[in-house]
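Engineer: Quick note, the sequences are listed as chains D and A, same order. Each residue of the first sequence is one higher than the one before, counting from 1 in the numbering used here. Each residue of the second sequence is one higher than the one before, counting from 1 in the numbering used here.
Derived from the structure by calculation, the hints contain no laboratory data. Take these hints with a grain of salt, some might be off.
What the hints assert, rightly or not - Examples of chain D residues lying across from chain A (beta carbon under 10 Å, computed):
no. : residue
1   : M65
2   : D86
3   : A97
4   : R127
5   : R133
6   : I152
7   : C154
8   : G174
9   : R176
10  : V179
11  : I410
12  : Q414
13  : A417
Using N, Cα and C, we set each Cβ at its ideal position, and we do this for glycine too.
Here are the chains, one letter per residue:
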Amino acid sequence: MATLYVDGQAFSVDPTQNLLHECLSLGLDLPYFCWHPALGSVGACRQCAVKLFRDEGDHQGVIVMACMTPADDGTRISLVDEQARDFRARVIEWMMAHHPHDCPVCDEGGECHLQDMTVMTGHVHRRYRFPKRTFDNQHLGPFVNHEMNRCIQCYRCVRFYNDYAGGTDFGVFGSRDHVYFGRAADGVLENEFSGNLVEVCPTGVFTDKTLKAHYTRKWDLQSAPSVCPHCGLGCHTTVAEHDGVLRRVQNRFSADINGYFLCDRGRYGYAFVNAPERLRRTSLRNAAGRLNLAPADALLQELCTRLGGNMPLIGIASPRASLEANFALRTLVKPENFFLGWSAVEDACARTMLAVARGIAPLASLAEVESSDAILVLGEDITQTAPRMALAARQAVRHAAFAKAKALGIPVWQDLAVRQAAAGLKSPLFIASVDATRLDDAATECWRGAPDDMARLGFAIGRRLSREEAGGETFPSAMEGFSQRVARALAGAARPLVVTGSSLGCPALLDAAAHLVGALRTLGLPAKLALGMPERNTMGLALMGGESLHTLEQATQKLPACALIVLENDLSRRIGEAAADRVFAQAGLTVLIDHKRHAGVERADYVLPAATFAEESGTTVNHEGRAQRFFQVFSPPDDIQASWRWLRDIGRGLGREPCDRWTALDDVLHTLEETLPVFHGLAQAAPEATYRRHGLKLARKPHRASGRTAVHAHLDIHEHQPPTDCDSPLTFSMEGHQGSPPGPAIPVFWAPGWNSVQALSHFQREVGGTLCGEGPGLLLIAPAQQVPEFFQEIPPAFVPRDDALYFVPAWHIFGSEEQSAGSPAVRERIPAPYVALRPEDAARAGLAAGDTAALEVGAVRLRLPWIAHPELPQGVGSLPVGLPAMPWLMLPAWGAVAKASR
Amino acid sequence: MERPLTRNIRPDEPPLALEAYRRVGGYEAVRKALAQSPEAITQAVKEAGLRGCGGAGFPTGVKWSAVPMGADAPHPKYLVVNADEMEPGSFKDRLLLEGDPHQMVEAVIVSGFAIQADHAYIFLRGEYTLARQRLGAAIREAYAAGLLGPGILGSGYGLELHVHSSAGRYMCGEASALLNALEGGRAIPRAKAVRTAVSGLWGKPTVVNNVETLCNVPHIVNNGAAWYKSLGLGDAVGTKIYGASGKVKRPGAWELPLGTTLRAIIEEHAGGMRDGVAFRACLPGGASTAFVGEAGLDVAMDWHGVQSVGSRLGTGTVIVLDDQTCPVGMLLSLQRFFAQESCGWCTPCWSGLHWVASLLHRFEAGQATEDDFDLLRTQADHLTKGYTFCGLAPGAMESLASGLDLFRDDFMRHVSLRRCPWRA
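Start from the sequences, fold in the hints, and give me the full structure.
Structural biologist: Here you go:
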């Protein structure tokens, strides 16, 4: 630590950081724009000027930019110096010369960093009396709104979008006072992280277009800390509601997971909660076979009467439901009748991932992915299945640049200087995939192969690392060459990482990745494994354990006497509509608890509307085995309630213990902890409902929430008591603690004088560091201390066939995930169904450009437009998975392709 | 009087081709240099006291000494010639490039050898098309004669020389912005977090020098440091290409001993003021230097002399203001240029310079008030070194700040008359 003197007062600071970073970490107010904790310093805006003194005797001093000056030991600065203050006000004056003076009607107003900084510097009087410059705005697609006249030319947007996120369709145009930040022409921003522009931009140039469609001021939003429900990474989000409508999702900083950035699926996938077509009311199938609305009490009574005392219950769980909901189901139906709600392939992958994590490979957090200095991505296209991990991997390649900068004496926070000195130097990132991925541009080298060949590649690398004979196995020379380069890079790294996942439905790939990590650990390297998982609670369900739907399908003969309870699961997406129909048709009666309207609704006898992630509190387990609590944002209307409460209500009706005694979330959690030791400590993953700060619960609404009694005054002049929340330490009110609670329970980042998202630094121990209070969540999986014998089963090489192609699933960030696909903005980005073929394979099938392909995959016949993917391996095609307009297919699978007749 | 830099330049005649250039001793310095160690060349340049002629005056030998040398040095190393001469009033490098391109090529080879550069780039102002043609021809001849490429003149040293025509921004004259432009990026200045000599172009050791600076090097190698030092007047060393523009009788550029007085340049070499106009003030070193009035005319035009009257030698090309030209109009013209040429990177520059130009326009249009004069002063005070990212805006403020002092009455007459007094 070093000593920094600020206006005569001594502070202990980190000398490897810059003065701005340290001043903000000390809680001192110093305005800034172009600097960003994750993007570093560039010195463009000149806002953070301070006076620097040579020594104690120097009273003259010189003006320096705090962001560009190291916090060396003994540095003496002044923030209140008249010259420094005057200059900071001038910088604001220069910016405001061209900035619109429309804060009261600007949609950034009230949470605008420029507004805050203007107030902070004290610049109020306008002296610029010339016309302001103006720009044309661009249509940038469904996510981001563009309002260029507000721009202050801080360059943060382009530094994030291009330099940090690897975007190529955005840039800086023009010069002088007419710099334009946008695309070459109107069009959808292609990068998967475009939504971060909304938070990166210090003013309102880039704003959330979905918020704009149902705009609410920040101070009128009711917010809660949440966990993204759209993939297995479990990124932290702040979710906000007003008047029964979910308004927006923002990044919620977490040092271990998503840091400052979120993917566009996470940010814009929320609107399915507001979808008019979702399930909101309890309904019941009448004798005529029609679904009619029925009051919840009456329905439950009827249901329990029908179930009687002894009708066996069978439960189908779901990886998109919370642990509490799944556990409530398990408790209600008994473990032997509890099915995991996923296919045999999904089950095999999930079991392998869990076994691998327990046996060999410590799982990496996203922060650990980012800190890895050599990465092999084996098979998983993380840009589509776990996008935030791809962004972390993109940063990981910068370690070589940091090392070079360090050797040259350049501090790592000198962002452009580091990039210029590095001149494209990268740490090793090897990508093995079926097809081209959007991370390839960051890679050292790419390799394409069929899933089994990628598994073989993984074993080949592992064998090389452990210097074992390949047990008679021989690998082609191209694979040998590549595996040699990968092995050398991984073995030479300080923190090697292997990334894989379940998206290809190939457990052998997971075995291979585990084998590789095991080989690295045997060499004494702290190697880790990062797993892409498709759903928010895949790992949680795997930990809970049970049989797959396949087992249930084998035992349908016992179904007619049973009642089937389907929990938040669209079975047609798991086993196909035909198989799902067979299950439904066999069951004595079917209860569906869900929020999404899908084919299962039409087959259910009782429909109970479930809460979405925003309408209930609960726990999920992410890809690294971290149990995390998401908190309810608002009280849902209509009959909607948390799934576990529906199950509890059924349990009560049937007099089943112990679920009949549950009243609050913590009751479920405590039973869960007692019943399944693997979840021990789960209740402490976040503050429990009994948590109080200074004797108060935590307010979801800010002090300034307005119109509390006015919004509905045309309907009702009474002020109703806010709903009580027995599941969490938060209140549905502005009443309660407004300060800084422990990290996992911060409803919104807001501090005096800091109204924008930049208020975050007031909640961190140091800028960019962990949040005050305990860390996020609870890690449930620890690998064995000893590296055991690891998987050795090498699959045979892929052999292309003349009569068929091997179709693998192609995942799409927009469309493949079920819930976000129900959001209108995301829907605009979902690709049309297609089949991707290698041009040679298409030619062999007689397909020319523009032709429609006729496919036969399993029992499914399809007509699809084909697109050329020249990077696909010979004999392998790909089909998009999960798109709303695509029928369910059991993939990977062999299929025939031909030119469709007209 | 010796004129090493311009000895081969004959007005209105094509430059010397390789053979003719060799006949007058050309490429002798290459032969001499290759027989010595690279460090010896740097030492000679250091001893000669050669300083950067692009305006900053940094000792050239010292700059070169920072380049990592020896077997462990990173390669490729780069030598970049800053031939992006866009400073208003400056045309000295053009004279050298068009007049004696082989001298430039020879200078690049000798200087490149001194730092053991593998590649050299001449970053040429886009409009200098004649210079491009002539440099191109000279470089082709030099390659054909084995003076460029691998193993120059049978030695172990090789150098590739490329000419890069700029897309045309004043900003590219700033060495670090030049490097960004050369890499294909936006011409914005770089943070000085590391010396260019250690990590410059594409992260490799790089030296950026002005055309005139480098052209001195072969002569130092041929004739020695002592000879070079003897060329200057007083304490000054070497020669300098001075220029003069404005309403003088004979605008032009002349190679003269460093330390020649401002008066001698204007009155003797430029022939004094045109008939009917009188000297008012001048910018001694191009548009980024402060005005010098009548009282400063007898200072020596060297690194120290001009500073003693509050200005800088800069590029050594004098812009003369006469009494029949509106000084506010001249400032407007200059500041419009700087506002236009701001790269848009730092706030004071992109916003402040635009404001300055707008205010000056208001004076010229007769719409200004006294408050506007104070506002100009505020801008001049806040667009200075340390406040801005690079030297562009502070350079622009040198003429403005000194102009506000010198021409206050002229500004006030614009206010009281509500028009420009020089216009009917």
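Engineer: Close enough to count: is the Cβ of I410(D) nearer than 10 Å to one in chain A?
Structural biologist: Holds - the Cβ of I410(D) comes within 10 Å of chain A, reaching about 5 Å at its closest.
Engineer: Was the hint right that V179(D) lines chain A, CB cutoff 10 Å?
Structural biologist: With Cβ-Cβ at 4 Å, under 10 Å, it holds.
Engineer: Under 10 Å is the threshold here; is the Cβ of I152(D) close enough to any Cβ of chain A for the hint to stand?
Structural biologist: holds (7 Å)
Engineer: Have a go at the A97(D) hint: is there a Cβ in chain A nearer than 10 Å to its own Cβ?
Structural biologist: At about 6 Å, which falls below the 10 Å cut-off, the nearest Cβ of chain A leaves the hint on A97(D) intact, so it holds.
Engineer: Given R127(D) as an interface hint, is the shortest Cβ-Cβ distance to chain A below 10 Å?
Structural biologist: At 6 Å from the nearest chain A Cβ, R127(D) passes the 10 Å test, so the hint holds.
Engineer: Take the shortest C-beta to C-beta distance between A417(D) and chain A; is it under 10 Å?
Structural biologist: holds (4 Å)
Engineer: Would the stated hint for R176(D) survive a check requiring a Cβ distance to chain A of less than 10 Å?
Structural biologist: holds (4 Å)
Engineer: Taking the least C-beta to C-beta distance, is D86(D) closer than 10 Å to chain A?
Structural biologist: holds (8 Å)
Engineer: Verify the interface restraint on M65(D): the C-beta must sit less than 10 Å from at least one C-beta of chain A.
Structural biologist: This hint holds: M65(D) lies near chain A, its Cβ roughly 9 Å from the closest one there, short of 10 Å.
Engineer: Verify the interface restraint on R133(D): the C-beta must sit less than 10 Å from at least one C-beta of chain A.
Structural biologist: holds (8 Å)
Engineer: When the nearest CB of chain A is found for C154(D), is that gap smaller than 10 Å?
Structural biologist: Hint on C154(D): holds, closest Cβ of chain A at ~8 Å, below 10 Å.
Engineer: Does the closest beta carbon of chain A sit nearer than 10 Å to the beta carbon of G174(D)?
Structural biologist: holds (7 Å)
In summary, the structure agrees with every hint in the numbered list given earlier.
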